[in-house]
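Novice: Go ahead and model the full structure; you've got the sequences and the hints to work with.
There are 2 protein chains.
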Amino acid sequence: MDIYISGYGVVAKEFVQLIHDKAETIASRYSITPKIKGIIIREGIVQSEEGLDLTRLLHYGVGTMAIKDYAKDSHYPIQPLDQMSGHVLIEATSTNANDGEPAYSYIKQALTSHMDVVSISKGALVHHYEELMQLSQSVNRRIKFSGATAAALPTLDVGEYSLAGMTLTRFEGVLNGTTSYILDDMHEHDIDPVVSLQRAQEVGIAEKDPEMDVSGKDSANKLFLLANRFFNQNCHLQDVSVDGIMNVTRNQIADAKVSNQKIVLLASAVMDNQTIHMHVRPTPISMAHPLANLAPKEKGICFYTEEMGRVAVIGGASSPVGAAGAALKDMINLVQANF
Amino acid sequence: MDIYISGYGVVAKEFVQLIHDKAETIASRYSITPKIKGIIIREGIVQSEEGLDLTRLLHYGVGTMAIKDYAKDSHYPIQPLDQMSGHVLIEATSTNANDGEPAYSYIKQALTSHMDVVSISKGALVHHYEELMQLSQSVNRRIKFSGATAAALPTLDVGEYSLAGMTLTRFEGVLNGTTSYILDDMHEHDIDPVVSLQRAQEVGIAEKDPEMDVSGKDSANKLFLLANRFFNQNCHLQDVSVDGIMNVTRNQIADAKVSNQKIVLLASAVMDNQTIHMHVRPTPISMAHPLANLAPKEKGICFYTEEMGRVAVIGGASSPVGAAGAALKDMINLVQANF
Numbered sequence: 123m124d125i126y127i128s129g130y131g132v133v134a135k136e137f138v139q140l141i142h143d144k145a146e147t148i149a150s151r152y153s154i155t156p157k158i159k160g161i162i163i164r165e166g167i168v169q170s171e172e173g174l175d176l177t178r179l180l181h182y183g184v185g186t187m188a189i190k191d192y193a194k195d196s197h198y199p200i201q202p203l204d205q206m207s208g209h210v211l212i213e214a215t216s217t218n219a220n221d222g223e224p225a226y227s228y229i230k231q232a233l234t235s236h237m238d239v240v241s242i243s244k245g246a247l248v249h250h251y252e253e254l255m256q257l258s259q260s261v262n263r264r265i266k267f268s269g270a271t272a273a274a275l276p277t278l279d280v281g282e283y284s285l286a287g288m289t290l291t292r293f294e295g296v297l298n299g300t301t302s303y304i305l306d307d308m309h310e311h312d313i314d315p316v317v318s319l320q321r322a323q324e325v326g327i328a329e330k331d332p333e334m335d336v337s338g339k340d341s342a343n344k345l346f347l348l349a350n351r352f353f354n355q356n357c358h359l360q361d362v363s364v365d366g367i368m369n370v371t372r373n374q375i376a377d378a379k380v381s382n383q384k385i386v387l388l389a390s391a392v393m394d395n396q397t398i399h400m401h402v403r404p405t406p407i408s409m410a411h412p413l414a415n416l417a418p419k420e421k422g423i424c425f426y427t428e429e430m431g432r433v434a435v436i437g438g439a440s441s442p443v444g445a446a447g448a449a450l451k452d453m454i455n456l457v458q459a460n461f
Numbered sequence: 123m124d125i126y127i128s129g130y131g132v133v134a135k136e137f138v139q140l141i142h143d144k145a146e147t148i149a150s151r152y153s154i155t156p157k158i159k160g161i162i163i164r165e166g167i168v169q170s171e172e173g174l175d176l177t178r179l180l181h182y183g184v185g186t187m188a189i190k191d192y193a194k195d196s197h198y199p200i201q202p203l204d205q206m207s208g209h210v211l212i213e214a215t216s217t218n219a220n221d222g223e224p225a226y227s228y229i230k231q232a233l234t235s236h237m238d239v240v241s242i243s244k245g246a247l248v249h250h251y252e253e254l255m256q257l258s259q260s261v262n263r264r265i266k267f268s269g270a271t272a273a274a275l276p277t278l279d280v281g282e283y284s285l286a287g288m289t290l291t292r293f294e295g296v297l298n299g300t301t302s303y304i305l306d307d308m309h310e311h312d313i314d315p316v317v318s319l320q321r322a323q324e325v326g327i328a329e330k331d332p333e334m335d336v337s338g339k340d341s342a343n344k345l346f347l348l349a350n351r352f353f354n355q356n357c358h359l360q361d362v363s364v365d366g367i368m369n370v371t372r373n374q375i376a377d378a379k380v381s382n383q384k385i386v387l388l389a390s391a392v393m394d395n396q397t398i399h400m401h402v403r404p405t406p407i408s409m410a411h412p413l414a415n416l417a418p419k420e421k422g423i424c425f426y427t428e429e430m431g432r433v434a435v436i437g438g439a440s441s442p443v444g445a446a447g448a449a450l451k452d453m454i455n456l457v458q459a460n461f
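Each protein sequence line maps, in turn, to chains F and B.
Numbering-wise, this note's numbering comes out as the position in the first sequence, counting from 1, plus 122.
Numbering-wise, this note's numbering comes out as the position in the second sequence, counting from 1, plus 122.
Don't read these hints as lab results, they were simulated from the structure.
Mixed in with the good hints there might be a few duds.
One copy or two, it doesn't matter: identical chains are merged, so the pair holds either way.
Computed cross-link-like contacts, EDC-like style, restricted to lysine to aspartate or glutamate with a CA-CA straight-line distance of at most 20 Å [to be verified]: (1) K230 - E253; (2) K144 - E282; (3) K157 - E146; (4) K144 - D394; (5) K144 - E428; (6) K230 - D204.
Specialist: Quick look at the structure:
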């Protein structure tokens, strides 16, 4: 099982750590002997036919500099990326919201090299979903992207595996941890969103530039990627009607509380007469709703099917190791399936 | 895709209905053309190389008599079951809690005929888990049993697919709808279990002989089957410590309410130092626990992993069509995997 990784941020490093720690378990349970053959950074690729020495690599920490230092000390030159020859690419560059590069190029190259792809980053999928899926079909390879769609919360799996063959009428999710945290905080402490956002930034939960999260865009990206997969569509971000959380008022929160409700940033996709309707917007839901009782930062998703009724999934650690774990399980499941 | 079905109770009939209604969808989405080649009842098998005529078959209703009438009118003789030649057996006889027959024989015959097995009934697995799993491995076939372990609630899938490669430390579930209903009723109306049981029997939620449910045995069966799969064990029912719900008092319920808790029949398996501890017992859990907010009759399961934290799944219709749907998705997923 020859693996390439593109990008070497904190999630990619945790992925390497998991492969290092779990090699024996993975071999005995799944008959997979994972070998990390190359790591791709902007400057090129560090690779070894026998597999990189993970114990050594992990001493160098995280980021491009770690790879450069490891390469130098191991006397592996950083080479231009001209070809990949392996079974799977773990795409873990930081998401580029503008055009999805360089992930887009890496994924295309992996597919045309007849490799499966596990994408942790969202950018390439958001911008080139249809093209990449068509390419993967034409070469009979698969793209999994749990890491890009709520990671440790099994959204993709439950929708396409546990509900295989069912008639899905709609699904709705709380898909962004930062906005969950802020709305929870407002609910508990009767404060304005701007105050709560500041607090979330102080404790490191919200990013310095929180725009993607609080605008609802991050949720919208996850929503249309999931909807494309479940409903076999090729929708775009523009097809989602998006409202963020910064206009939610203390009065609205108070009104919801009085009615035994809670306001969450709900991302929903409804299939109605062959047409798909997608919304991301602050929505009051009953306290009895499975998505109303999430722990802080937790995410969740509810599926509604004709045959199985409602199936809800909540939880999954919002952490680098959680995201790395999502990539690992995607990889294992790709190997075990011959889609 | 040649399918055999053993048993023709209400779930098997719903399965036939799903195959009938969804044949086109299944073909276009999964490239599977399902053909029901034979249905096995105690008296023998009704089969057709071209596949049974489902539209006709569905006119005859449910049960052994339906099959006999269909066979007679179609001029198919009911033959002794001497061989099966197909891809998958859907085992749907009614569960025999004593020795798992005739399901046990059907499953063995299917495996030795190099067929995969989807088991909806529990009996054969409960009594012969280790032997059947070993047999399936020796012939390189797979047994899936979502239908026997909470059906439309994806317990098996999430544990072995969505958490593939993760370190599972424990899991706990509310795995029996009848006891959930009774404990809910006691919680809401301050009544004794015997009164609530009677009410549940009156509305058709509890069976006439409710022993398997209220004793905790049904939960215990599901628990050790799941634990065997997730922890790669060969435990038996006797390895589970089981307390039923009939000794739960109104005082205990009242005490739980005062502490903002709820008593549920919790089935839990903990892996501690290579030893597995399994319990089914009435347990107070916090109202913030994902398993405390189930709709009446709803089931749920929580997984605790090192890498992904807590992942909870709740819901899934407790109905014949829900169980039939669980068998259908198992079948689709078996075909798409080359385990």
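Novice: Hints first: check each against the structure and report whether it holds.
Specialist: Hints, verified against the model:
1. For the homomeric pair K230 and E253, the shortest alpha-carbon distance inside one copy (9 Å) is at most 20 Å, but the shortest distance between copies (46 Å) is not.
2. For a Cα distance limit of 20 Å, the shortest separation of K144 from E282 across copies, 16 Å, qualifies, whereas the shortest one inside one copy, 27 Å, does not.
3. Only within a single protomer do K157 and E146 lie at most 20 Å apart by alpha-carbon distance; the minimum there is 12 Å, versus 41 Å between protomers.
4. For a Cα distance limit of 20 Å, the shortest separation of K144 from D394 across copies, 18 Å, qualifies, whereas the shortest one inside one copy, 45 Å, does not.
5. In the homo-oligomer, the alpha carbons of K144 and E428 lie at most 20 Å apart only across protomers (12 Å), although the nearest pairing inside one protomer, at 39 Å, exceeds that limit.
6. In the homo-oligomer, the alpha carbons of K230 and D204 lie at most 20 Å apart inside one protomer (13 Å), although the nearest pairing across protomers, at 52 Å, exceeds that limit.
Of the numbered hints stated above, none is contradicted by the structure.
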